[in-house]
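Enquirer: Make the full structure from the sequences, and use the hints.
Numbered according to numbering that gives the first Met the number 0, the sequence shown spans residues 0 to 533.
FYI, nobody ran anything at the bench for these hints, they're computed from the structure.
From a predicted model like this one, the values you see are computed outputs, not experimental measurements.
Check before you lean on any hint, since a few could be wrong.
As the list claims (entries may be wrong) - Straight-line C-alpha distance at most 25 Å; calculated DSS-like pairs for lysine-lysine: (1) Lys381 - Lys494; (2) Lys405 - Lys380; (3) Lys184 - Lys340; (4) Lys421 - Lys513; (5) Lys120 - Lys329; (6) Lys293 - Lys420; (7) Lys490 - Lys136; (8) Lys381 - Lys141; (9) Lys504 - Lys493; (10) Lys349 - Lys136; (11) Lys420 - Lys329; (12) Lys487 - Lys349; (13) Lys136 - Lys485; (14) Lys141 - Lys247; (15) Lys420 - Lys381; (16) Lys326 - Lys215; (17) Lys421 - Lys517; (18) Lys298 - Lys421.
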Amino acid sequence: MAKKVKEKTVLIQEPVITPFYINKKLIAGIILFLEVALLLTAIILLRVFANGQYIWVYWIFRALAWLTLIPIVNSRMDSAYKIIWLAVMVVLPVLGATLYLLIANKKFTKKEQKHVSGVHKELDKYMSYSSKGVLKKIDVNKEPDAYNIARYIHRNSRTNIFDNTETTYYPWGEEAFPVMLEKLKSAKHYIFMEYFIIEQGHFWNSILDILIEKAKEGLDVRVMYDDLGCMNTLPNDYDQYLESVGIKCCVFAPIRPFIDIRMNNRDHRKIMVIDGHTGFTGGINIADEYINEKIRFGKWKDNAIMLRGNAVFGLTSLFLETWARLKEEKIDDFTAYLPSKYADEVAAFKSDGFVQPYGSIPYTYETIGLNVYQDIIFRSKKYLYISTPYLILNSEMMNAIMLAAKNGVDVRLLTPHIPDKKIVFGITRSFYRQLVEAGVRVYEYTPGFVHAKTFIADDEMGTVGTINLDYRSLFLHSENGVFLYKTKTLKDIKKDFEDCFQVSKEFTLEVIDKEFSKGYRFLVAVLRLFAPML
Numbered sequence: 000m001a002k003k004v005k006e007k008t009v010l011i012q013e014p015v016i017t018p019f020y021i022n023k024k025l026i027a028g029i030i031l032f033l034e035v036a037l038l039l040t041a042i043i044l045l046r047v048f049a050n051g052q053y054i055w056v057y058w059i060f061r062a063l064a065w066l067t068l069i070p071i072v073n074s075r076m077d078s079a080y081k082i083i084w085l086a087v088m089v090v091l092p093v094l095g096a097t098l099y100l101l102i103a104n105k106k107f108t109k110k111e112q113k114h115v116s117g118v119h120k121e122l123d124k125y126m127s128y129s130s131k132g133v134l135k136k137i138d139v140n141k142e143p144d145a146y147n148i149a150r151y152i153h154r155n156s157r158t159n160i161f162d163n164t165e166t167t168y169y170p171w172g173e174e175a176f177p178v179m180l181e182k183l184k185s186a187k188h189y190i191f192m193e194y195f196i197i198e199q200g201h202f203w204n205s206i207l208d209i210l211i212e213k214a215k216e217g218l219d220v221r222v223m224y225d226d227l228g229c230m231n232t233l234p235n236d237y238d239q240y241l242e243s244v245g246i247k248c249c250v251f252a253p254i255r256p257f258i259d260i261r262m263n264n265r266d267h268r269k270i271m272v273i274d275g276h277t278g279f280t281g282g283i284n285i286a287d288e289y290i291n292e293k294i295r296f297g298k299w300k301d302n303a304i305m306l307r308g309n310a311v312f313g314l315t316s317l318f319l320e321t322w323a324r325l326k327e328e329k330i331d332d333f334t335a336y337l338p339s340k341y342a343d344e345v346a347a348f349k350s351d352g353f354v355q356p357y358g359s360i361p362y363t364y365e366t367i368g369l370n371v372y373q374d375i376i377f378r379s380k381k382y383l384y385i386s387t388p389y390l391i392l393n394s395e396m397m398n399a400i401m402l403a404a405k406n407g408v409d410v411r412l413l414t415p416h417i418p419d420k421k422i423v424f425g426i427t428r429s430f431y432r433q434l435v436e437a438g439v440r441v442y443e444y445t446p447g448f449v450h451a452k453t454f455i456a457d458d459e460m461g462t463v464g465t466i467n468l469d470y471r472s473l474f475l476h477s478e479n480g481v482f483l484y485k486t487k488t489l490k491d492i493k494k495d496f497e498d499c500f501q502v503s504k505e506f507t508l509e510v511i512d513k514e515f516s517k518g519y520r521f522l523v524a525v526l527r528l529f530a531p532m533l
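Expert: And the structure:
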């Protein structure tokens, strides 16, 4: 697998952000704002002159705008989104229609669809290589809940459920950090990294030193990051620097100075793969606050999970699928990326329950992250613990959580007490009363900010990943997670929740009435109207 890379001119010094740094992405954002302002001005002027000889032009535009209502009404988007767009179209039909066509239309182009279909066709040949018959090990009669969730993920996320995989749960980013470095240093063949945020600092610099060294050794080292997520954390053209030191780099959806259909869809995934048999995912990005090296909002509560064994191929395939689409590369052979390629290196791994990585993308209407969450909620019988940094629920998710509590399930929600986004924090709190009235117990993590996105139910099943309980994660972003069934890490996840509850504040109806004034409740109720847009 290891190949000698071509000699490249290595930059003497890594580019950094300085006080005098000119952020091209910020400039692009300003230009984008001016474009929208210009569009709005044109519409206003059109309406002003509509009383004269150009009235027919105005009514043609208005009629075309009204026609846009048809695809909105008949679309498969979430009903809350439909209501927001319909309201905008009624009030500002021309502007609303223009923005809808530019921003809300989230489909693959024909070229992208053809390329993705080719990758899927090739990937399907290998996806069952080591998990053939694994699903049958879950008794559909005795264990229908896990069986049906795993089958749904397989059919819609194109990733199988695996055994022969060890799992290790890290309740803190600073606990995962040294293990990540250790595994990166041990890499012999390739390293893949896909992260929403990478920020220069102790965390990233420690990793970068290893990546540069491994690239010099001839390993296939690849890094993919989201341009918006790294807008203020990486210098301009940082991908060129990485390429210059032998690290292949791909930037997801670069920010450009014009209205772009895809600017609203980001890559929120967190994936690290080493040699195809060791992988990490979870809530942590590659920045110092995630390992509490930098204090931003009190104690940063996050998590990660390490997989070692066959299930890592699920993470590998998610990475390669996105990489191939963005780079327009054809992958003819996935054999080099299978854990079995290095069987001697994985022989010591012990089977630890069942593990199934999964991913979701915004360019289809299959909301895999949402459906996996709801599946776990509906199938919980004794208890259900959920942690999320943001709580912006659609009616389906809200009803599912409340119904579980009404059925007698011990449902508990863990959210931050110190917010990173005050408006979103207010909307999060606007859901408390209705949830508590239904029997849900709501906790705020008083030491700081909860960034972990975790579900666990009945000591048997759970998921750790990147998917927040908000509209962006559930409907607009590329995300990933890991479904766990009967793994040893479930007891560690439960203990982590219990430890958090001990230092958190429970919001009963009495506390809500005492701490949330009528004015505050009215304000967050108004903000909640715009929740689908946040």
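Enquirer: Against each hint, give a clear statement of whether it holds in the structure.
Expert: Now the hints, each set against the structure:
Between Lys381 and Lys494 the CA atoms are separated by roughly 16 Å; this keeps the pair inside 25 Å, and the hint holds. Annotation: proposed proximity of Lys405 to Lys380 holds, straight-line Cα distance about 11 Å (limit 25 Å). Note on Lys184 and Lys340: the hinted pairing holds, with a Cα-Cα distance of about 20 Å set against a maximum of 25 Å. With a C-alpha separation of about 20 Å, the suggested pair Lys421 and Lys513 falls inside the 25 Å cut-off, and the hint holds.
With a C-alpha separation of about 11 Å, the suggested pair Lys120 and Lys329 falls inside the 25 Å cut-off, and the hint holds. Taking the CA atoms of Lys293 and Lys420, the gap is about 18 Å. The hint holds against a cut of 25 Å. Our distance criterion of 25 Å between C-alpha atoms is met by Lys490 and Lys136, whose separation comes to about 22 Å. Annotation: proposed proximity of Lys381 to Lys141 holds, straight-line Cα distance about 17 Å (limit 25 Å).
As the CA atoms of Lys504 and Lys493 are separated by approximately 18 Å, the hinted pair is consistent with the 25 Å bound. In summary, the hint linking Lys349 to Lys136 is supported, as the alpha carbons are separated by about 16 Å, within the 25 Å threshold. Distance restraint check for Lys420 and Lys329: the Cα-Cα separation of roughly 40 Å exceeds the 25 Å cut-off, and the hinted pair is therefore not satisfied. Distance check on the hinted pair: Lys487 and Lys349 sit about 12 Å apart at the alpha-carbon level, within 25 Å; holds.
Our distance criterion of 25 Å between C-alpha atoms is met by Lys136 and Lys485, whose separation comes to about 12 Å. A hinted pair counts as satisfied when its Cα atoms are at most 25 Å apart, and Lys141 with Lys247 does not qualify at roughly 47 Å. The hinted pair formed by Lys420 and Lys381 fails the criterion: a straight-line CA distance of about 33 Å is larger than 25 Å. Restraint check for Lys326 and Lys215: satisfied, since their Cα atoms lie roughly 23 Å apart, inside the 25 Å limit.
Between Lys421 and Lys517, the direct Cα distance comes to roughly 18 Å. Compliance with the 25 Å bound is thereby established for this hinted pair. Restraint check for Lys298 and Lys421: the C-alpha separation of about 17 Å stays at or below 25 Å, so the hint holds.
Hint compliance for this structure: hints 11, 14 and 15 are not met, and every other hint is.
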